[in-house]
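J.: Following the hints, put chain B in place on chain A, whose structure we already have.
2 protein chains.
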Amino acid sequence: MGPQDAASDTPTPVFFLAGGTGISAETLGNLLLAQFPGLNFTRRKIPFITSVEKAAEVMAEIDAAMTDSVTPLAFSTVSDDPIRQVLQGTQAAFIDLFGSHLDTVERILHVNATHSAAALHGVGDTLRYDRRMKAIEFAMEHDDGASLRNLAQSDLILVAPSRCGKTPTSMYLALQHGLKVANYPLVPEDFDTGDLPRPIAQRADKCFGLLSTPARLSQVRGERRPGSTYATLAQCSFELRRAEAMYRAHRIPSINSAKMSVEEMAAVIMQSSRLPDLA
Amino acid sequence: MGPQDAASDTPTPVFFLAGGTGISAETLGNLLLAQFPGLNFTRRKIPFITSVEKAAEVMAEIDAAMTDSVTPLAFSTVSDDPIRQVLQGTQAAFIDLFGSHLDTVERILHVNATHSAAALHGVGDTLRYDRRMKAIEFAMEHDDGASLRNLAQSDLILVAPSRCGKTPTSMYLALQHGLKVANYPLVPEDFDTGDLPRPIAQRADKCFGLLSTPARLSQVRGERRPGSTYATLAQCSFELRRAEAMYRAHRIPSINSAKMSVEEMAAVIMQSSRLPDLA
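Quick note, the sequences are listed as chains A and B, same order. Counting with this note's numbering, you get residues 1 to 279 for the letters of the first sequence. Counting with this note's numbering, you get residues 1 to 279 for the letters of the second sequence.
Okay, chain A solo, but in the shape it has when bound (with noise of 0.2 Å):
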């Protein structure tokens, strides 16, 4: 098989379509897409269909992208019928990534859906909204060990040397989890025993450790102080290997940050520390 338009590099146009803010259509379209990796792609997300005039609207635009030798790809997360009927009229590719499921789901729970726009807003997301804003002003507060206050109320302390990838973890876990994460950063002073800093020295069982290459870390730390002996690859590369040690000696669980998302990263440490999904 050649692709679409062998002739030429013309890009395939591609819509996320969603009733919501277009998250999953999104992640999950690029998820497919990625299957591809020779391709060219154009990208647009369009989040909030929520009536069947804006559906029409939006038909048209897919349409309108449609040309002889090219058919856009639209993927879909849009869940209420009347607006998914309008989409489905479209003469692009409409992948249903919902509709095509609810039957499996509704089989298997011998259960009609109710075939409407999900009522994901009520009196708990009132809740969850707190608690996210509570946990991201904690992580603020608790940036960089800008406060040592109620690090007993955490639920988790990032500890690492400086621009391993506390602060962005920290606020994904806040955000996205509700988790007060406090992060503890290791400068050379701390290494000059094996313990553990004090102020997280009884803490050990709430301690995750982030590592990353020395090539890596040196990279970052040059951004933002160019030419300090901080940013060298000596420098850096002493700092990481003082703080394995000392994560394995007080069998603080860690992973290297180098290569990693700051999705993942989250992943795997509420993963590892058991940690539950607040939000």
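No wet-lab data here; the hints were simulated from the structure. Wrong hints could be hidden among the right ones.
It does not matter which identical chain is meant; a pair holds if it fits inside one copy or across any two.
Claimed, not checked - Under the rule of at most 25 Å between Cα atoms (straight-line distance), these lysine-lysine pairs were calculated in the DSS-like manner:
#	residue 1	residue 2
1	Lys54	Lys134
2	Lys134	Lys206
3	Lys259	Lys134
4	Lys45	Lys206
T.: Just chain B now, with coordinates in the frame of chain A:
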């Protein structure tokens, strides 16, 4: 039709299976389950299923949840063929959110899929990580008007009275979309005239306003400072009215955060302000 186990409220075990973090398996699976509001489910996410050995363990765990009256549901986004084949051997309902659409995409693109775990990680991820990290640092530095430096570099300035959701929304936009978001708190003194506060007066084009309902705002403020004037319904109502008038006068788009999730606010703001996804 009646539910699986009409005699009791036995919840149906639900598994979210993925080769990666499991975010889309979970989001899309929950969207499907939301169509069955009367039923109970127990949920378990199993991410990073990256070997056939791990897949066999997972399959055994799912099968162990089968009973005479209850069939578990397993939503999967696993993309690696040999691993999927193992998981498909389960006696439970295997809902293949990925594989069931791959044929369609192959047919439209006239190209065979690689049928392997997607190679999502490359040099692009390091750039993405750096952009997100810088955006988070920017958001922290510019939180609650903490710094007015570099406002010119921001992609967006969120403006609102205290406790309308500026901080979590800024963090979400930074983390998920790599956007540099400053936020500026409107305090009662800012309403003495109808003018925009000086630091943002020349930047109305970058501003986006948040609002809430007086009841919700009063509740959130009351948790922070119980019994304060700041938290009274009258004060909240006054500030919200004035903020709304200010947004209108200066053509600043706005949304009411009272009934929206952070994800929804972020998606609406990006759509309204035509912000690109930089992550």
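J.: What hint numbers does the structure not satisfy?
T.: Hint 1 alone not satisfied by this model.
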